[in-house]
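Listed below are the residues making up each chain.
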Amino acid sequence: MASTTAEFRPPFATFTAPLSALLAAMFGFVVGNAYGEPWIGFLIGGILGAIIAFAIDKLPFGRTQSRLGTIVILGLAGLTTGSAGGVVSGVLIGAVLSWFIYWLDRGEYRKNVPVYYTAGQTLWHNAFMLICGLIFFFLIAPLMPVMWLSFNAQDFFTFTPEMLNFEAAGYSLKHYRNFLTTEEWMIPLKNSLIIAPIATVISVSLGTLAAIGLSQSHVPARRAIMAILISPMIVPLIISATGMFFFYAPLGNWIELNLGLSQTFVGYVKVILAHAVLGVPFVIITVTATLVGFDNSLTRAAANMGANPVTTFFRVQMPLILPGVISGGLFAFITSFDEVVVVLFVGSARQQTLPWQMFTGLREQISPTILAAATILVVISIMLLTTVELLRRRSERLRGLSPG
Amino acid sequence: MSETTQSGPMLSADGVPLKTSLARALRRQKIRALLLISPLLAFVVITFIIPIASMLFRSVENQIVSNTLPQTVAMIADVSADEATTDEMLFRVLYLDMYRAVEAKAHTRLGSRLNYEKSGISSLFRTSGRKLEDMGEDFEDFFKDADSGMVKGPFWHELMQGDGGEDLLDERLGLLTDLTSLEASDDLGFTLSGEAAALLPWASRAYADWALFTAVVDEDDVSKKKPWAGVYAALALDLADPATQSAVAAYGGSGAAELQAAVANIADMPATGFRAYFEDIDDKWVSGETWALLKVFGSQYTSGYFLNAVDMKLTPDGIEQRPDNERLYLKLFNRTLIMSMVITVSCILLGYPVAWLLANLPMRSANVLMILVLLPFWTSLLVRTSAWKVLLQQQGVINDILVWLGFVADDSRLIMMNNSTGTIIAMTHILLPFMILPLYSVMKTIPPTYLRAAKSLGATNWTAFWRVYFPQSVPGIGAGSILVFILAIGYYITPEIVGGTDGVFISNRIAYHISSSLNWGLAAALGTILLAVVMLLYWLYDRIVGIDNVKLGG
Numbered sequence: 001m002a003s004t005t006a007e008f009r010p011p012f013a014t015f016t017a018p019l020s021a022l023l024a025a026m027f028g029f030v031v032g033n034a035y036g037e038p039w040i041g042f043l044i045g046g047i048l049g050a051i052i053a054f055a056i057d058k059l060p061f062g063r064t065q066s067r068l069g070t071i072v073i074l075g076l077a078g079l080t081t082g083s084a085g086g087v088v089s090g091v092l093i094g095a096v097l098s099w100f101i102y103w104l105d106r107g108e109y110r111k112n113v114p115v116y117y118t119a120g121q122t123l124w125h126n127a128f129m130l131i132c133g134l135i136f137f138f139l140i141a142p143l144m145p146v147m148w149l150s151f152n153a154q155d156f157f158t159f160t161p162e163m164l165n166f167e168a169a170g171y172s173l174k175h176y177r178n179f180l181t182t183e184e185w186m187i188p189l190k191n192s193l194i195i196a197p198i199a200t201v202i203s204v205s206l207g208t209l210a211a212i213g214l215s216q217s218h219v220p221a222r223r224a225i226m227a228i229l230i231s232p233m234i235v236p237l238i239i240s241a242t243g244m245f246f247f248y249a250p251l252g253n254w255i256e257l258n259l260g261l262s263q264t265f266v267g268y269v270k271v272i273l274a275h276a277v278l279g280v281p282f283v284i285i286t287v288t289a290t291l292v293g294f295d296n297s298l299t300r301a302a303a304n305m306g307a308n309p310v311t312t313f314f315r316v317q318m319p320l321i322l323p324g325v326i327s328g329g330l331f332a333f334i335t336s337f338d339e340v341v342v343v344l345f346v347g348s349a350r351q352q353t354l355p356w357q358m359f360t361g362l363r364e365q366i367s368p369t370i371l372a373a374a375t376i377l378v379v380i381s382i383m384l385l386t387t388v389e390l391l392r393r394r395s396e397r398l399r400g401l402s403p404g
Numbered sequence: 001m002s003e004t005t006q007s008g009p010m011l012s013a014d015g016v017p018l019k020t021s022l023a024r025a026l027r028r029q030k031i032r033a034l035l036l037i038s039p040l041l042a043f044v045v046i047t048f049i050i051p052i053a054s055m056l057f058r059s060v061e062n063q064i065v066s067n068t069l070p071q072t073v074a075m076i077a078d079v080s081a082d083e084a085t086t087d088e089m090l091f092r093v094l095y096l097d098m099y100r101a102v103e104a105k106a107h108t109r110l111g112s113r114l115n116y117e118k119s120g121i122s123s124l125f126r127t128s129g130r131k132l133e134d135m136g137e138d139f140e141d142f143f144k145d146a147d148s149g150m151v152k153g154p155f156w157h158e159l160m161q162g163d164g165g166e167d168l169l170d171e172r173l174g175l176l177t178d179l180t181s182l183e184a185s186d187d188l189g190f191t192l193s194g195e196a197a198a199l200l201p202w203a204s205r206a207y208a209d210w211a212l213f214t215a216v217v218d219e220d221d222v223s224k225k226k227p228w229a230g231v232y233a234a235l236a237l238d239l240a241d242p243a244t245q246s247a248v249a250a251y252g253g254s255g256a257a258e259l260q261a262a263v264a265n266i267a268d269m270p271a272t273g274f275r276a277y278f279e280d281i282d283d284k285w286v287s288g289e290t291w292a293l294l295k296v297f298g299s300q301y302t303s304g305y306f307l308n309a310v311d312m313k314l315t316p317d318g319i320e321q322r323p324d325n326e327r328l329y330l331k332l333f334n335r336t337l338i339m340s341m342v343i344t345v346s347c348i349l350l351g352y353p354v355a356w357l358l359a360n361l362p363m364r365s366a367n368v369l370m371i372l373v374l375l376p377f378w379t380s381l382l383v384r385t386s387a388w389k390v391l392l393q394q395q396g397v398i399n400d401i402l403v404w405l406g407f408v409a410d411d412s413r414l415i416m417m418n419n420s421t422g423t424i425i426a427m428t429h430i431l432l433p434f435m436i437l438p439l440y441s442v443m444k445t446i447p448p449t450y451l452r453a454a455k456s457l458g459a460t461n462w463t464a465f466w467r468v469y470f471p472q473s474v475p476g477i478g479a480g481s482i483l484v485f486i487l488a489i490g491y492y493i494t495p496e497i498v499g500g501t502d503g504v505f506i507s508n509r510i511a512y513h514i515s516s517s518l519n520w521g522l523a524a525a526l527g528t529i530l531l532a533v534v535m536l537l538y539w540l541y542d543r544i545v546g547i548d549n550v551k552l553g554g
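Taken in order, these protein sequences are the chains called A and B. Straight run, no breaks: the first sequence in the numbering used here ends on number 404. Straight run, no breaks: the second sequence in the numbering used here ends on number 554.
Hints listed in this document are in silico derivations from the structure and should not be mistaken for laboratory results. Heads up, the beta-carbon is just placed ideally off N, CA and C, and yes, glycines get one too. Be aware that a few hints might be false.
[What the hints assert, rightly or not] Derived list of chain A stretches under chain B, where covered just means 3 residues or more per stretch with a C-beta under 8 Å from a C-beta of chain B:
1. 22 to 30
2. 90 to 101
3. 333 to 344
[Claimed, not checked] Covered by chain B, according to a simulated footprint, are these stretches of chain A (three or more residues, beta-carbon under 8 Å):
4. 218 to 228
5. 272 to 278
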């Protein structure tokens with residue numbers, strides 16, 4: 001039974017051909033619409049789709065040949081419009097169409113469903129996959145135009161015709177150059193790189209200690225303490241920011257007057273403390289999650305062999321929970337690195353951070369340098385994400401939780 | 001071995017009863033845990049919980065009226081507003097209170113505070129502030145004509161310096177420290193004479209106010225300076241009284257000659273009707289409405305900000321609903337709640353299929369797809385918001401594509417930004433990972449065999465899903481929904497950038513009151529209501545999921 005599904009070919013005339021023609025007709029409709037004649041496009045597309053389907057079904061070509069052939073033919077058809085955009089659309093439509101026809105024709109749509117599934121169930125399965133694919137597209141796709149536009153040669157937030165035609169003149173690195181060479185962006189970047197690491201160190205060191213305390217078996221009022229420690233994540237940022245604004249403004253003035261510290265220094269201290277509090281819940285959550293799987297007999301064994309509590313902590317406990325601590329730290333880091341509202345209220349112009357600069361830039365729409373900054377941030381977050389994922393898997397491997 | 005475990009309490013190795021020993025160990029363990037937690041707990045309480053609590057306190061705090069016009073507020077507490085408008089004594093006290101407030105530049109602050117309750121009143125305080133001094137100068141001119149020595153510092157210093165007026169001085173100092181919140185040093189550089197205080201009650205009070213202000217705020221030497229013009233008005237008030245005139249005639253202390261010279265010319269002195277004077281400045285001062293307002297908002301704490309936050313107002317006649325065109329906040333709260341719900345529901349609709357897919361795929365492919373969920377989660381909020389700005393604006397990517405394909409005419413591009421549509425789309429995208437992750441972790445624990453069992457018992461796909469799988473995934477939906485809702489309801493950045501005017505949340509209004517309109521009390525009241533809603537949801541979340549079960553990134 002299983003071997004027959006691989007060779008399963010649905011009927012061509014009543015299944016593959018009409019469906020292929022339908023999809024191609026829809027593409028034709030869209031293309032035709034751009035020229036003001038949607039229904040003629042629909043008709044031509046349908047006929048073309050049926051012909052391609054016929055070719056793929058009857059001619060003795062493999063997958064790669066069939067698909068490449070279709071892509072080249074439609075790409076050439078796009079070339080007749082005379083624009084690079086036409087070629088790209090032709091190639092894209094060709095890729096989608098040839099994949100779809102081949103997928104239908106060779107019965108691959110049944111590959112991932114049990115053989116006993118009815119036609120309706122198979123249809124639903126594939127529709128469900130399509131829906132999920134669209135949702136993933138919704139999650140990821142919005143980031144793409146930002147990256148693309150950051151290479152814009154013009155000072156616009158929108159695509160220029162040159163960009164769409166893939167002409168070299170439409171692209172430049174000037175926004176990156178601007179980002180890397182002007183004080184307007186370098187000072188905020190420097191501030192972010194001062195504030196976030198220090199805030200992270202504070203929240204990680206205090207947070208790890210507290211998480212170890214919280215994971216002991218007898219902690220009085222554990223629930224209440226946990227609620228307090230997690231609250232910075234739950235309380236809306238605008239409320240935290242307002243509270244801290246009222247709290248830190250007089251405190252800062254008092255410190256400046258009585259301890260004689262410079263205004264800039266006090267400003268940094270205020271923002272760092274505020275960000276450290278916001279990072280605490282993330283450290284607590286990740287580290288307590290790591291400690292759930294921690295085998296306490298290891299510390300007892302260490303104590304049994306004469307290690308004092310400090311040695312036990314650094315030589316036995318710490319290496320085991322380190323992945324959790326580091327990923328908690330990365331969460332705390334990104335919280336501070338990404339935070340706008342609190343720094344807007346607590347900080348002064350000297351503590352302007354990168355997100356702050358982006359926020360004002362977006363509100364006043366100054367320059368597309370924001371998009372260059374955004375692209376750089378996306379790259380940074382990809383790196384952070386990779387680190388966290390690797391650490392999480394290492395941690396699970398260490399604790400023997402899962403094979404993945 | 002067995003003979004040691006006879007009757008009586010069980011003993012541990014060192015001879016202490018085992019029960020005591022265990023209890024001690026337990027206590028030690030508890031203390032150790034608390035010691036580990038305490039640094040962070042103290043840090044969070046001091047830099048987070050206390051600031052928020054004190055911010056909440058601002059929503060009822062209303063000391064500005066009673067600190068700025070302390071004696072006036074105390075006097076009107078016992079009289080009706082209409083009686084107050086004709087009470088000459090009250091206007092004299094008001095003059096002294098106002099004069100001090102004007103010098104400390106506190107009257108405009110009071111004006112803007114009262115302006116939140118009744119618009120137009122701030123100008124009353126601003127203009128009156130300027131005119132109080134003019135009034136004093138009229139009297140100063142009169143005294144200068146009577147004896148030029150009277151408008152010099154030494155005359156006043158000699159007249160007022162002495163012993164016995166400590167009580168009055170302390171009282172006036174109290175009023176000043178309430179107003180400026182400056183601490184006075186122990187040595188003020190002068191003392192008040194009890195004799196002068198008895199002879200010239202108004203003048204000595206006004207002088208004390210001036211002298212304290214000079215010593216505490218300006219940190220100047222009192223003996224060398226000429227007092228405020230207002231002190232002359234107070235002196236005129238005293239000398240206009242026939243009883244004081246006869247007392248001055250009998251007075252023989254320092255400054256007697258000058259005072260007697262002034263009394264001799266008393267017929268030339270300008271009239272001392274303070275009520276008439278205030279009426280002259282602005283007839284709002286003699287209207288019952290103004291005094292009723294001061295009476296209502298004279299107390300130390302007020303429900304006024306909270307009432308404003310729910311579109312009501314506190315008036316002398318009780319609590320009233322604001323007129324239709326001034327109602328704003330209930331609508332905004334409503335909109336915030338409805339939009340947060342729409343966002344939560346869209347997150348459920350989009351997140352459920354994805355979470356199901358992730359939970360039912362083999363580990364390896366699920367991990368790859370998980371990265372697609374986590375990438376937006378890890379990407380800066382501002383990056384995602386700017387992405388939506390690029391996509392949604394009228395010259396943006398989506399409109400460009402639609403126009404290029406001919407579905408939308410170039411001159412009728414869709415408006416998807418600066419309204420609630422933009423906010424909902426962008427925030428659904430931003431909060432979707434917060435729905436997927438809890439859903440995924442719950443679905444991961446549902447054994448796939450249940451679904452197969454249901455189907456083998458004859459259930460259709462739909463029945464098996466709806467009756468068997470879905471009920472088990474409800475905790476995940478609950479956890480995700482509360483998380484998304486809590487985050488959505490307090491969002492600020494995204495609505496600010498893509499929300500325009502129709503798509504803003506209550507947070508944006510709070511930020512506006514903090515940084516632009518400076519109505520901090522109202523901001524605090526709005527914040528308190530928002531926080532109460534969030535706390536309620538937080539409590540629910542704790543009951544349903546447990547806060548220690550929050551998971552980040554799978």
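Against the structure, the hints:
| no. | hint | result |
| --- | --- | --- |
| 1 | 22 to 30 | violated (count 1) |
| 2 | 90 to 101 | violated (count 0) |
| 3 | 333 to 344 | holds (count 5) |
| 4 | 218 to 228 | holds (count 8) |
| 5 | 272 to 278 | holds (count 4) |
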